[in-house]
Amino acid sequence: MAETQSPVVLSVADLSVSFKQGASVKTVVKAMSFDVLAGETLAVVGESGSGKSVMSRALLGLLPAGSADVSGQAMLSKQGEQVELLSLSDQSLRKVRGNHIAMIFQEPMTALTPVLSIGEQLMEGILTHQPLSRSEAFELAVSMLQEARIPEARKRMAQYPHQLSGGMRQRVMIAMALACRPRILIADEPTTALDVTVQAQILKLINTLKTQYNTAVMLITHDMGVVAEAADRVLVMRRGDFVEAGSVQQVFSKPKQAYTQTLLASVPKLGSSAKQPIATIAENDAAVPLFDVADLCVQFDVREGLFNRVRSRVHAVEQVSLKLFPGETLALVGESGSGKSTLGRALLNLVPSSAGAIRFRGRDITGWSASMMRPLRKQIQMIFQDPFASLNPRKTVGALVEEPLKLFDICSDSERKQRVGELFERVGLSADDMTRYPHQFSGGQRQRICIARAIACEPRVIVADECLSALDVTVQAQVIELLQSLQQELGISLLFISHDLAVVEQISDRVAVMYMGRIVEMGDTARVINRPQHSYTQRLLEAVPVADPTKASLLNRPLNNSEIPSPVRSIFEEIPRHNMTNITSIGEHYVADDSAAVAPSDVTEDVA
Amino acid sequence: MTKSLSLLIAIGLLTGPAMASNDIIWARYGDIDSLDPHRTTSTLSMQVWNQIYEPLLARDAEGNIGPNLAKDYRVSDDGTQVTFVLHEGIECHDGSEFTAEDVIYTYQRAFSETNPSNTQSAWGPIESVNAVDAQTVSFSFSEPFGAFIPFMADPFASMICKSNEQSLASFGSTTAIGTGAWQLVQWIKGDRIELARNEAYVNHGRMAGNAGPAKMDKLIIKVMPEAQARLAALQTGEVHIAEPPLESVSVVENHPHLNLLSAPNTGQNVFIEFAVSRPPFNDVRARQAVAYAIDPDMALDIVFEGLVEREHCTVARGVMGNDQDYCKRIGYQYDPAKAKQLLAELGYDKRNPMDVKIMTWTDGSRDKLLQVFQSQLKQVGIEVSIEIMDIGSLNARVKQENHITEGKGSMDLMGWSWYDPDILYQLWHSPGAYDGYNSPELDALLKQTRLETNPEKRLEIVQQVQAYLIEQAVHVPIYTPGWVWLYGVNDSVSGLKFEPFNQPIFTDVVVN
Amino acid sequence: MTTYLLQRLMSAALTVWITTLAICFLIHLVPGDPVQIMYAQSATTSPEQLEQIRHSLGLDRSIIHQYIIYMGKLLQGDMGVTIRGQQSVAELLLLRLPNTLLLTLSALTLAIVFGGVSGFIAAYKQGQWPDKVLMTGTVVGISVPPFWLGLIVLSLFSVELGWFPVAGQGLGSLVLPAVTLAACQAAVIGRIVRSTMIDVFAQDYLLTARAKGLSKPKVLLRHALRSGLIPIVSVLGMQFAYMMGGAIVIEYVFSWNGVGRLAIQAIFQRDYPLIQGFVLCFSMIVVLVSVAMDLLYAFLDPRIRQE
Amino acid sequence: MEQVIKTPSLSAGRLTWRPSRLAVLLGIVAALVIVALLAPLISPYDFEVMASGPRLSPPSWAHWFGTDEFGRDIFSRILMGTRLTLMVGLVSVGVSLGFGMLIGLIAGYCGGWPEKLLMRGMDVLFSFTEIVIALSLVAVLGPSLENAMLAIGIAAIPFYARVCYGAVLVEKKQVYVESTIALGASHFRVLFVHILPNVVPVMLVVATIGLSNAILATSGLSYLGLGAQPPSPEWGAMLASSKNYFQRAPWLLMIPGGCIVLIVLLFNVLGEQLRSVLDPRRKGES
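Chains as they are written, first to last, in the numbering used here: chain W, 1 to 608; chain Y, 1001 to 1512; chain S, 2001 to 2307; chain X, 3001 to 3286.
Wrong hints could be hidden among the right ones.
What the hints assert, rightly or not - Sample of chain W residues lacking proximity to chain X, with all beta carbon distances greater than 10 Å (derived):
{"id": "1", "residue": "91"}
{"id": "2", "residue": "371"}
{"id": "3", "residue": "381"}
{"id": "4", "residue": "385"}
{"id": "5", "residue": "392"}
{"id": "6", "residue": "434"}
{"id": "7", "residue": "552"}
{"id": "8", "residue": "569"}
To be verified - Cut-off 30 Å, straight-line C-alpha distance, at most; resulting in silico cross-link-like pairs (DSSO-like, lysine-lysine):
{"id": "9", "chain 1": "S", "residue 1": "2218", "chain 2": "W", "residue 2": "155"}
{"id": "10", "chain 1": "W", "residue 1": "406", "chain 2": "X", "residue 2": "3172"}
{"id": "11", "chain 1": "W", "residue 1": "30", "chain 2": "S", "residue 2": "2125"}
{"id": "12", "chain 1": "S", "residue 1": "2216", "chain 2": "W", "residue 2": "26"}
{"id": "13", "chain 1": "W", "residue 1": "95", "chain 2": "S", "residue 2": "2216"}
{"id": "14", "chain 1": "Y", "residue 1": "1497", "chain 2": "Y", "residue 2": "1071"}
{"id": "15", "chain 1": "S", "residue 1": "2216", "chain 2": "W", "residue 2": "78"}
Claimed, not checked - Pair ranges (Cβ atoms, derived):
{"id": "16", "chain 1": "S", "residue 1": "2284", "chain 2": "X", "residue 2": "3116", "range": "28 to 34 Å"}
{"id": "17", "chain 1": "Y", "residue 1": "1091", "chain 2": "X", "residue 2": "3051", "range": "57 to 63 Å"}
{"id": "18", "chain 1": "X", "residue 1": "3087", "chain 2": "W", "residue 2": "371", "range": "41 to 47 Å"}
{"id": "19", "chain 1": "Y", "residue 1": "1298", "chain 2": "X", "residue 2": "3044", "range": "56 to 62 Å"}
{"id": "20", "chain 1": "W", "residue 1": "571", "chain 2": "S", "residue 2": "2071", "range": "48 to 54 Å"}
{"id": "21", "chain 1": "X", "residue 1": "3026", "chain 2": "S", "residue 2": "2235", "range": "53 to 59 Å"}
Just so you know, these hints were derived from the structure itself, not from any lab.
Here a beta-carbon is modelled for each residue, glycine too, at the ideal position from N, C-alpha and C.
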């Protein structure tokens, strides 16, 4: 923990950034002033559009010279001398970049040059700033990779970015950034693109190295959970403006500004808001489930070699059995690649299943063709993650919402317009918006349009695939509210696919945890989240950052650095039978029998 | 990649022209097809192989036939036996002596079972060829053949040395052994042909004043398809002799260092003929209407600006039967009213025009001439579409058109160059070169032109044939000469002469 | 990489095979009788003789049979003989191919140098005046008909100024056709390079490289250009094909003794064996070059190289 | 926020300025179309009539662009040629766009064997290169403007098919396609009601630029004598038939050549403008 008397490493005063847009000027960062202290983690928090990334780039002169106008001061103290960053020439600034201030970015997939090996990219930074020979630089690079907990570091040097996983790449980025022992590390959303377990690893790594090298970290993020877990002090921004700053405890416990309060209130907190299961289900076991899935498998062929023969398959969904009852919300939880989205699509026959059976309201619909499915789609609708992409940009939103009405002949031509208007109002939009195009709406509004579209034909089930993850927290909270009220009103069942356990806890009656294509644990939400039985579920829950600094424990827990194994299997490999056992007599709580086998057995690190 | 590039550059340099001061550089629009006189009929080819080979007889500037490789010849009284006596001591390019065996070899190649000469029929009804001795060779015919002696003076009857037998696979391509004043050094296909002076050459009858070998070391014949480039090369002095684009002849004429030469007695004749296998040109009135509707004098004036002459006869100037006054009298004068009247008889008028096509071959501004005709024909109610193609395709197309019995009427602007009125036999005696017009009475007349050996009597028959062809509007003469007869020549060049039928002779040429 | 290579070669072979099929049947699409066209000028060839020739060419057999004969000959390097003059087609093409390749490769080199540099500068100065000037230049460049440019260049530099020979095969004669051919392609390449580099310049990894404190040349050349090269190389193969096509007209204008000019002559003469040979030869070169470019691509791109 | 950095040149000012430039270009095209349609009425002379003036006279008040070797008025011929040139562009682009889009749509949407078959076929056709296809077709069909247009059109099919195929693949991956299927729409509806409108703008841009390519290529064929035949006032053919007057009457060459450059330039610039307006992915480039 940094003390307030720690020396100031970077002192920013009146930093403003504006972009010229033809004749007009748009100010993105407005007169920001703050200090970064040695060895501390300062979290800069804000929703998208708050100007936090632009601000960090402005400090290093990384904004496009022609269009960005930067003013103010940023004093960096290095070896006792003070340097004003914003007035430095590009050449002098280059000596600061990577040397005194280093930076890592959000997308580990695109932040490394694809055509250069990891080693080259690490070494060039070292050689630029340090008077080392190539072999010395090589050794330093290897040791940095080892510090970043990258296994087989020496071998990695010759590898290219595409050969590493996202988490590995972010470790490489961290190794690269810290190679010259910078005074400050600016981490711009370093974990946003990563899975929650990997996020925990990376946050811990940054924290460990920060302590080790006494580097200050400026952590730019939108995730209040991450802030609570990892930061010492917080700076809240909104639309380029300073909102408030203070220690983590202070800001979380006594937020001064209304915006900060809303922000904090919107964050779903794991373990705090369990939904009461709808009473009907447990008692009404005899009710016909809407979906009854037995041993469903979805496999994708991997073609290799000269003749494109199938040598292996991706076992995206493996022996999954589940039921979805009328009116309930079942959540599918898992990390990327766990098969949860594929399962959702397979239920709708949007991807072909390779084994098992899907029954919808008692009818076996396994392997139905697109044309056979068509009448059924009136009853099963879907909402997708990206509201930007899931609306055809060349159609008016009115036409898009009207489309299901047309397809299923739900009402006469004359009533249709009115019905669309009603739907718009039902999801909190105005009927006047009908003639506009998708790009004229914000993300949250678009998701509302998607919801309107989905409920237009009064379906029985909605499959919502990560439908909240692209939204800012405040918007997310509003959409959750909308979904819940719609569900109550219309009695729709919801298959809610998400990676966010906190949201899941808030919204779902039952939850199924997926890992490598299988459901490893399934049961009433409260049971699964509060008493996880399967090792993977436990690990997943442990990794979730808690947006409460008093409960924050992520960085203090021993963490293993294992990666999720690949679901690609040879066609000759025998797939063991997947069994689940109900471990409770009241309600349900199924756990996979292979709990031990799946438990990640890799290196487990113990860092105090 | 850099290695192969430099290799390519090296090749480029190697194949670059060796411009020595003792070379004559002659640029032309196209390449030869072959150096084998039996494989091709193009003027471009003939002009080259005529430097390498020689025929038994030769012509003077007026077209009179005289000795060449043969110092003498005899025709038997019944006209079925022709005997040639060869000069002694003539050397082929490989050093072997030219004898009767070489003549027989040439004949045998022309009459090959598997691959006869393209001009086999021009040799006539030969039954056998025998060597009386090394210097005497005798041709036997099944019937008299009046056109044989003139043919023997033609480049098509060039003598090929028997020593070519040893390299037969490459004959016509990389080897060509003859007795001419120039011998083949190399033919870089598409680019140029290099000929070197034949040191052993003795001129026995060719038109050159020089009795011995050529005065210059080398004759380089380059291919420059773009007329503009040829003109430019002439202007820069890069080439000595080249055909200028007809449209820019005035540029040559006005250039301080360029002269314009014109080959006399080209034997070239350009005429219109018709597909008579179907309407409308199966009716003589339709053909006559075309002949009346066009005004060749005006058209030639516009297109050629005085470079060509109006031709009224069906045989070329310098050939027996070419009598402009006579032919003009029996020919057609520009008379659109007459044309309209004939068309009206056939049921055509401006609102119901006759819709036909006219074809010709590329280059030589013939396309432009057809444009003028097109506009003239339009005036009387004949809509003509123009098709331009290569001469080979034109030949094939004309033949095809003559077999088609339905569809659009077809006519073509055709050009032939021949040394004898026998051309009329080849064109119009059934089946004829293109399976075109024929009739029993015409066949009978044409047969006579071949059998008759008495020049006066033959002339009389030829004129009857001409009268018939013109009256029936089968063969409508337009102009002469027709193709590549103009030579832009740098003023450093002297001594360039032309044998009849547009055959330039380079043995006298000196480039200063 | 080996798998990729083999797959690439297999698809190239397939392409060439389909080409041979198309070529073999080309002659059957021609209206009229090919033999008659071939022997049109020997006025009195008898129908029996024509039949004989038809037989010797195999034109009287079934199409499949003809194809087998054609392929049999082709595999022995025999492309037949020309109709005019009965010269070996393979020999004619081989003689002129080096000239066409020389012209095309020199032009391609020029085009890559000029197009590449101006495209890179334009992308770097995107939206500023160098970009505007260069891109205006390239739009004009791609709009000028090469044959017209050729005629103007010819009359200006050869006739008026006398700097270069009008025709011929030497290095001096190469300059004008190569420059003319390169001019239009440089414009195209310039535009491709520009748009590729603009995409690259927007990539996060350049930000990473800059954040490391690397010098400008290092960022631009090592990170940006090397990454940009991969997509650029992939379109260069295509550009080479276009260039070979462009060479046909340029060869004609500048009397350059290449296959293109031969082809035009062959078309006018309806010399089908020569046209067939040309099409086969041309598409084989294009396929070979595209394979070569794919190899280069694979070599440059670690994602493929490492497999 | 990140987008601001990535596309710095995209600014409101330019966005409002661009359509107006586009409007000017479209206006010019409209004017050209009108000129082409009205050519016979507005030509000062009949384009076919010979000796409408002295032969080979330089540009003057009586003959704005001079006269050719037949004394035909070049200005009138250029006007008529506009009609041919536009027709050439439209017909050949129509052929390649029609077939190319059909192939691209089917291959891109259906996948599986139709995709393999069609795209493999396109690859082969593509490796022949445009000019070789055009030359072979002209060799087979014989030289005429119609055949040249057809040949250029056919030769460009693989290009259009590839672009369309690529665009369909991009669109097919968009979530809105899946969401429309999940909504219960038929494949036909997804392809033609949803995907097609998203592909059309890309194709429109390609077709506009393709128009200039087609005009250039056809004029090239005409120049070689393999396209329009005399006395057609097609500009390439005009160039071909007058190139030998270059030293005597340079305007015979410069005027049709210049016209080709201008019209090709026009469609190229128009294509670029359309792209910047219609194709959001390409914004920021000019």
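Point to revise | List of violated hint numbers, smallest to largest | key: 2, 3, 4, 5, 16, 19, 20, 21
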